[in-house]
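For reference, each letter of the sequence shown is one residue, going 492 to 553 in the working numbering.
If you're looking for bench data, these hints aren't it; they were derived computationally from the structure.
Please note that the accuracy of each hint is not assured.
[As the list claims (entries may be wrong)] The calculated label-pair distances, taken between Cβ atoms and stated as ranges, are:
id, residue 1, residue 2, range
1, P524, V544, 17 to 27 Å
2, D517, E537, 12 to 22 Å
3, R539, A505, 10 to 20 Å
4, A547, D525, 35 to 45 Å
5, D540, D517, 18 to 28 Å
6, D525, Y545, 26 to 36 Å
7, P524, A547, 33 to 43 Å
8, R510, A547, 17 to 27 Å
For glycine and all other residues, C-beta sits at the position ideal for the given N, C-alpha and C.
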Amino acid sequence: MARFYTVGHASRSAEDVRRRVARGHDVVDVFGPDRADEHELTRFAEVRDGRVVYPADDAAST
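Construct the complete structure from the given sequences, taking the supplied hints into account.
Spelled out as structure tokens, the structure:
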């Protein structure tokens, strides 16, 4: 699986990062020469059918 790197969050749109995480790609956020963290979704986000969904998404679709 490919590993994707972001420099800050401006280099890739947030939606692109979420899409890559949902598809199982490793995404690393690079904050500087001494700091790079594995990207994590918001704690209440869920991956369903390869998409990131949030509780508000569920309420809107019902």
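Structure-based check of all given hints:
One distance hint, 17 to 27 Å for the beta-carbon pair P524 and V544, is violated here, with the actual separation near 35 Å. In this structure the supplied range 12 to 22 Å holds for D517 paired with E537, their Cβ-Cβ distance being about 19 Å. In this structure, R539 and A505 meet the distance hint of 10 to 20 Å, their C-beta atoms being roughly 18 Å apart. For A547 and D525, the hinted distance range of 35 to 45 Å is satisfied, since their beta carbons lie about 36 Å from each other.
The hinted range of 18 to 28 Å is satisfied by D540 and D517, whose Cβ atoms lie roughly 20 Å apart. Checking the proposed 26 to 36 Å range against D525 and Y545 shows it holds: the Cβ atoms sit about 32 Å from each other. Look at P524 against A547: about 37 Å separates their beta carbons, and that is inside 33 to 43 Å. Our hint of 17 to 27 Å for R510 and A547 holds, since their Cβ atoms are close to 18 Å apart.
Checked against the numbered hints given earlier, this structure breaks only hint 1.
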